[in-house]
Every structure is written in C-alpha cells, then in structure tokens.
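**Q** Sequence:
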Amino acid sequence: FTTVYPGCERFVDDDDKYFGCMALSIVFTMNHQTGTAKMGNPRDPTTVVDPKLRVKTISHLRVVDASVMPNVPGGNTNVPTMMVAEKGSDIIKEDIRCEADNDLNSFFFE
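Reading the sequence shown from the start, the letters are residues 61 to 170 in the numbering used here.
Think of the hints as simulated: they come from the structure by calculation, not from any bench. A portion of the hints provided could be inaccurate.
[Claimed, not checked] In silico DSS-like cross-links for lysine-lysine, where the CA-CA straight-line distance does not exceed 25 Å:
#1 LYS147 - LYS98
#2 LYS98 - LYS77
#3 LYS153 - LYS98
#4 LYS112 - LYS77
#5 LYS116 - LYS98
#6 LYS77 - LYS116
#7 LYS153 - LYS112
#8 LYS112 - LYS98
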C-alpha cells in the first residue's frame, strides 16, 4: 500500500491485524441504534437490564430488543435482534413455566 489506513498504522507489518483493524473501523450499522439499555451484571451501575432481560428496580418489566446489546454489532442489526427476541421469549416462557401444550390465554385470563 502507498497509503496506510488511518488508525491502523501500528498493524502495517501484520496483514491479519491490519485488515482486521480496517474492517472494524469501516463497518457501521446504517443507523440501527443498539445498546441504549445495556444488559449485564445487576451490580454494574451502567447496566439497565439483567441477563434475564428484567429492568433493574422495576418488577414485571423486560426489554427484549436491540437496546440490550452491550456491544454494537458491526453490520445490520436485524438478525442479532431476532436472536435476542427468541432468547427473550424462551426466558419468559421458562419464568412463567409454560407447558408445551399450554394455552397462554388460559394462563393470563383464568
């Protein structure tokens, strides 16, 4: 290269690290915001939700969307958001102990 990519100068002698540095600095999310309600250790004051997606200090409220991702994925956030939603639905079903053949209407409205 005749021009070194800005910010990756220290990796010029290692192709893998150099191209990794370039990729990390070029990839962006195309205005798909994430990380506004960080998930993590309940004792960490910077987190909003715990690993079971429960909002700290507010009972019976969960956040199940891209805002819980503590790190922004490099690329489109659609698939990671679907993964959070799928896991969130599993956590909720586990917490309310839904049986496989249970009708949720009967659970909520009986």
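**Q** Next, verify each hint and record whether it holds.
**A** Evaluated hints:
no.: 1; hint: LYS147 - LYS98; result: 16 Å, holds
no.: 2; hint: LYS98 - LYS77; result: 29 Å, violated
no.: 3; hint: LYS153 - LYS98; result: 22 Å, holds
no.: 4; hint: LYS112 - LYS77; result: 35 Å, violated
no.: 5; hint: LYS116 - LYS98; result: 11 Å, holds
no.: 6; hint: LYS77 - LYS116; result: 39 Å, violated
no.: 7; hint: LYS153 - LYS112; result: 12 Å, holds
no.: 8; hint: LYS112 - LYS98; result: 12 Å, holds
Of the numbered hints given earlier, the model fails hints 2, 4, 6; all others are met.
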